[in-house]
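Generate the whole structure from the sequences, applying the supplied hints.
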Amino acid sequence: MLGFSIFLNNDLTTETKDYIKSMKVAGFEGIFTSMHIPEDDATKYSDRLLALGSIAKELNLSLMVDISTKGLSALGLNLNDNPEDIRNLGVTGLRMDYGIPMETIANVSKVMNVGLNASTLTEREVEELQGFNADFSNFELWHNYYPRVETGLERSNFIKTNQWLRSLGLKIMTFVPGDGILRGPLYKHLPCLEEHRYMHPLAAAIDMFDNCEVDAVYIGDQSIKANTMDQFKEYFQNDLMVLPINVTSYIHTNLFIGTHTNRVDDARDAVRSQEARFKEFPTIQPDNTVTRSKGSVTLDNVEYQRYMGELQITKRDLEQDPRVNVVATIPTPDVDLVSFIKPGQRFKLITEGD
1 MLGFSIFLNN
11 DLTTETKDYI
21 KSMKVAGFEG
31 IFTSMHIPED
41 DATKYSDRLL
51 ALGSIAKELN
61 LSLMVDISTK
71 GLSALGLNLN
81 DNPEDIRNLG
91 VTGLRMDYGI
101 PMETIANVSK
111 VMNVGLNAST
121 LTEREVEELQ
131 GFNADFSNFE
141 LWHNYYPRVE
151 TGLERSNFIK
161 TNQWLRSLGL
171 KIMTFVPGDG
181 ILRGPLYKHL
191 PCLEEHRYMH
201 PLAAAIDMFD
211 NCEVDAVYIG
221 DQSIKANTMD
231 QFKEYFQNDL
241 MVLPINVTSY
251 IHTNLFIGTH
261 TNRVDDARDA
271 VRSQEARFKE
281 FPTIQPDNTV
291 TRSKGSVTLD
301 NVEYQRYMGE
311 LQITKRDLEQ
321 DPRVNVVATI
331 PTPDVDLVSF
341 IKPGQRFKLI
351 TEGD
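For the sequence shown, full-length UniProt numbering begins at 1 and goes up steadily by one.
Misleading hints may appear alongside valid ones.
Claimed, not checked - With a straight-line Cα cutoff of 27 Å, these simulated DSS-like cross-link-like pairs (lysine-lysine) come out: (1) Lys17 <-> Lys188; (2) Lys279 <-> Lys294; (3) Lys24 <-> Lys294; (4) Lys57 <-> Lys17; (5) Lys233 <-> Lys315; (6) Lys315 <-> Lys279; (7) Lys24 <-> Lys233.
Calculated from the structure, these hints are not laboratory results.
Model, not experiment: these values are computed from the prediction.
So, in structure tokens, the structure goes:
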């Protein structure tokens with residue numbers, strides 16, 4: 001499952017509503033918001049949450065709200081009264097933290113989804129919830145995002161925690177950075193893992209799903225760019241990795257711009273197009289045979305004999321080879337995506353405006 005964040009620091013504008021609708025079309029299924037961010041004006045929460053809940057219901061998007069007892073008080077709500085009042089706002093789940101009693105958490109779990117802190121949940125707390133007959137099918141374990149540089153989680157311990165939580169049958173939710181509007185006051189992205197802080201959002205999301213034992217990935221920051229949204233849509237709906245390129249040689253663009261398939265016998269050093277060498281093409285003379293940095297798009301020239309026309313994307317830095325022309329490069333941070341092209345997967349090389 002994919003989700004994204006919408007914060008309550010501003011009124012829900014037409015632009016924000018359009019963004020939410022676009023994310024729905026792109027395959028995102030959930031919204032996360034928070035009601036205890038120190039910089040926010042809590043008196044504005046009620047109207048803004050009502051507006052957000054309304055569009056979430058309209059688009060059939062789940063809405064998880066990070067709350068505290070103080071945040072609920074600002075809405076005139078109490079968890080010990082009727083949690084259904086919260087559902088009526090369009091809220092489908094509450095992420096609970098900051099000292100809410102386990103008995104209260106257990107009671108709420110019987111009527112709606114409850115998010116708990118994945119990074120801090122203990123075996124003792126699990127036992128307490130079991131003692132209060134909590135509905136564990138309604139629990140989601142949410143990791144935090146980390147605004148301050150150098151405070152994001154370390155990978156190996158993160159995975160170990162997730163493996164333990166999964167052994168309990170619990171769903172695990174996490175965050176990756178956005179690349180559009182960033183969240184203040186630090187504006188340094190909102191990742192869960194520190195190594196993801198400046199990574200392409202799609203690359204970080206794929207890494208989470210493929211390697212980190214998670215069930216859902218949410219964009220932590222306030223938005224992603226339109227082209228990034230398209231990349232998410234193509235990858236998760238059509239199994240297509242879209243890669244923008246900067247062309248360095250325009251002689252044979254018909255051989256590399258467009259859709260290709262990575263060979264099933266996946267090479268260590270490069271993504272190899274299985275179609276390229278079967279196209280009709282003129283003799284490819286040596287041109288721009290420079291050092292190949294990661295993300296270089298290359299065509300083998302006539303000096304490579306029967307390999308002439310071979311199209312590759314380098315997965316790591318490679319030396320200059322007089323038999324290999326560098327015809328384009330994949331810019332940062334899109335180059336992060338090269339490492340996640342799978343054997344037999346299609347990829348599409350596009351230029352700006354495509």
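Numbers of the earlier hints that this structure fails to satisfy, in rising order: Hint 3 contradicted; others consistent.
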